[in-house]
Amino acid sequence: MMMRNAMVKLFPSAMLFGALVLSPGSARACPVCDQETGKQVRAGIFDEDFGRNLLAATLPFGVFLGIVAAIHFEFPGGRRPLRPSRPDGPEST
Amino acid sequence: MANDLNRTPLIAAGTLLGIGMGGFVDGITFHQILQLHNMLSAKRPVTDLVSAEINMFWDGLFHALTWTMTAIGLALLWRAGQRRDVPWSTRTFIGSLSLGWGLFNLVEGLIDHHLLNIHHVVETPGHLFWDIAFLASGVVLILVGWVAIRSGRGDATIRGERGR
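Chains as they are written, first to last, in the numbering used here: chain S, 335 to 427; chain W, 101 to 264.
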């Protein structure tokens, strides 16, 4: 709950940051964007292989998240009912 | 289940942090300092400024995703630290970091170096040796992590309770 509140508070700042990064102002700060090199670089990034390259770059991270989710929910031997009784019990967050 | 200890939140957090930090070791050491390879260097070899900048874009995306893994790992660790059923075990945490780093080397190596062939550890004709060595380092790190996590099974100290 605390984390959700913090994320809600941070969301406007994150949106503002994203808008500034993507604004034309940041493009003007780029020293090569209007030059021939910049045009070739953009053409090379956003070519016909862009989708495949994007998939290739992101695929391992999807696998990582899947593995960690499996650990989080299914890790063998993760739970252990050995702790002596506590009067206050676990704190739910 | 009020008296159960649950290590999985700490293991999940440590594993994701290990994946992130392992990714940064790869990106900073191999991509930037040693410049042995870049994200697409097998598809688009770095031969001039344009190809270097195109690879720099994809390296940047790789680092952004690596940062995201680290950030999510930190969030999971923060949440784990707020729970009173999670034992604050150094062995479990260090083992999870090693497990995560090993998973990074193994999964990234298998997908990018062998399956998709978009780059290799060293972009030379003899790259297979280094690619296999990278996978082997992943297996070793996973085994070390697994042993450390198992050795931490008996740890029952909750965060903040040590030294009381």
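Among the hints, a few may not be true.
[What the hints assert, rightly or not] The calculated label-pair distances, taken between Cβ atoms and stated as ranges, are:
#1 Ala164(W) to Asn339(S): 37 to 45 angstroms
#2 Leu350(S) to Gly160(W): 20 to 28 angstroms
#3 Glu223(W) to Phe384(S): 40 to 48 angstroms
#4 Leu344(S) to Gly181(W): 39 to 47 angstroms
[Claimed, not checked] Covered stretches of chain S (chain W as the covering partner; in silico rule of three or more C-beta atoms under 8 angstroms from a C-beta of chain W):
#5 344-354
#6 375-383
Calculated directly from the structure, the hints in this document are not laboratory data.
Built from N, CA and C at the ideal position, the CB exists for glycine as well.
Q) Looking at the structure, which of the earlier hints fail to hold? A) Those not satisfied are hints 1, 3, 4, 5.
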